[in-house]
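> Next come the chains, spelled out residue by residue.
Number of protein chains: 2
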Amino acid sequence: MAAADRLSETFAALADPTRRAILARLALGETSVTDLAEPFDMSLPAVSKHLKVLERAGLIVRGREAQWRPCRLDPSPLKEVDGWVEHYRQFWEKSFDRLDEYLRVLQTKEKKRGPRKSK
Amino acid sequence: MAAADRLSETFAALADPTRRAILARLALGETSVTDLAEPFDMSLPAVSKHLKVLERAGLIVRGREAQWRPCRLDPSPLKEVDGWVEHYRQFWEKSFDRLDEYLRVLQTKEKKRGPRKSK
Numbered sequence: 001m002a003a004a005d006r007l008s009e010t011f012a013a014l015a016d017p018t019r020r021a022i023l024a025r026l027a028l029g030e031t032s033v034t035d036l037a038e039p040f041d042m043s044l045p046a047v048s049k050h051l052k053v054l055e056r057a058g059l060i061v062r063g064r065e066a067q068w069r070p071c072r073l074d075p076s077p078l079k080e081v082d083g084w085v086e087h088y089r090q091f092w093e094k095s096f097d098r099l100d101e102y103l104r105v106l107q108t109k110e111k112k113r114g115p116r117k118s119k
Numbered sequence: 120m121a122a123a124d125r126l127s128e129t130f131a132a133l134a135d136p137t138r139r140a141i142l143a144r145l146a147l148g149e150t151s152v153t154d155l156a157e158p159f160d161m162s163l164p165a166v167s168k169h170l171k172v173l174e175r176a177g178l179i180v181r182g183r184e185a186q187w188r189p190c191r192l193d194p195s196p197l198k199e200v201d202g203w204v205e206h207y208r209q210f211w212e213k214s215f216d217r218l219d220e221y222l223r224v225l226q227t228k229e230k231k232r233g234p235r236k237s238k
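The listed protein sequences correspond, in order, to chains A and B.
For the first sequence, my numbering assigns the number 1 to the initial residue and increments by one for each residue that follows.
For the second sequence, my numbering assigns the number 120 to the initial residue and increments by one for each residue that follows.
It cannot be assumed that every hint is accurate.
Taking lysine-lysine and the BS3-like style, the derived pairs with C-alpha atoms no more than 30 Å apart in a straight line are [stated by the list, open to error]:
1. Lys198/B x Lys52/A
2. Lys79/A x Lys198/B
3. Lys94/A x Lys198/B
4. Lys79/A x Lys171/B
5. Lys168/B x Lys198/B
6. Lys94/A x Lys213/B
Computed Cβ-Cβ distance ranges for the label pairs, DEER-style [stated by the list, open to error]:
7. Arg175/B x Arg64/A: 38 to 44 Å
8. Lys112/A x Glu149/B: 33 to 39 Å
9. Arg64/A x Glu184/B: 57 to 63 Å
10. Ser151/B x Ala21/A: 36 to 42 Å
Hints listed in this document are in silico derivations from the structure and should not be mistaken for laboratory results.
All residues carry an ideal CB built from backbone N, CA and C; glycine is no exception.
Based on the provided sequences and hints, a complete structural model is requested.
Structure, rendered in structure tokens:
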């Protein structure tokens, strides 16, 4: 798959709060589908559907054991998301720099004015 | 909108290579829809459709001038994506640490063995 399409598939898979919650759970360690389903108050087929989307996007890997198919997080697609969003980081870091500069100007003014008189 | 749903909308808007290309173009500066459409070999209505998705997700802001409605990038939703993906950064940073450690072990072995004999 082209890198661009892979990224689209990753973003599409992440565009759902339940799927993001599943990833957050798997970040703590691998677990069974039954244990994954528990906190969501969802049917197993509904959870399985979400897992299939995550698996297709390469965000999770599932064990091949017949009885217990543990799910594990695969962070590689998230690393690509991180790499993509990095190009835009300059925008808020710049804003932060401007805020920082503004605060410095305020502090300088404050110092020039001297300590405030107490009432 | 709840923060979780906003994030879902952002991810859904980013799940398209053309929309990501539009954002990359806007990262260079605000521009008109006509100029935006040019490199994509797309009809203006097709581009407008993408812009509407980006606008709804808060990723772009459009000017209100009747003749020229410049598009501008709004990085705030991307900052949220960055904040979200940050929680997973430990996974590849850990792998990197392991690689780093492995390289150190290799170098130590190399030193113990001494310089290679030239043939």
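> Compare the structure with each hint and give your call.
Against the structure, the hints come out as follows:
1. Proximity of lysine 198/B to lysine 52/A is assessed by CA-CA distance (about 28 Å); at most 30 Å being required, the pair is judged to hold.
2. As the CA atoms of lysine 79/A and lysine 198/B are separated by approximately 16 Å, the hinted pair is consistent with the 30 Å bound.
3. Taking the CA atoms of lysine 94/A and lysine 198/B, the gap is near 12 Å; set against the 30 Å cutoff, the hint holds.
4. Proposed proximity of lysine 79/A and lysine 171/B is supported: the alpha carbons are some 28 Å apart, at most 30 Å.
5. For a cut-off of 30 Å, the pair hint linking lysine 168/B to lysine 198/B stands: about 24 Å separates their Cα positions.
6. For a cut-off of 30 Å, the pair hint linking lysine 94/A to lysine 213/B stands: about 28 Å separates their Cα positions.
7. Look at arginine 175/B against arginine 64/A: about 41 Å separates their beta carbons, and that is inside 38 to 44 Å.
8. Taken as a hint, the range 33 to 39 Å holds for the pair lysine 112/A and glutamate 149/B, whose Cβ atoms sit roughly 37 Å apart.
9. Checked against the hint of 57 to 63 Å, the C-beta distance between arginine 64/A and glutamate 184/B comes to roughly 59 Å, which is consistent with it.
10. At roughly 41 Å, the beta carbons of serine 151/B and alanine 21/A sit within the given window of 36 to 42 Å.
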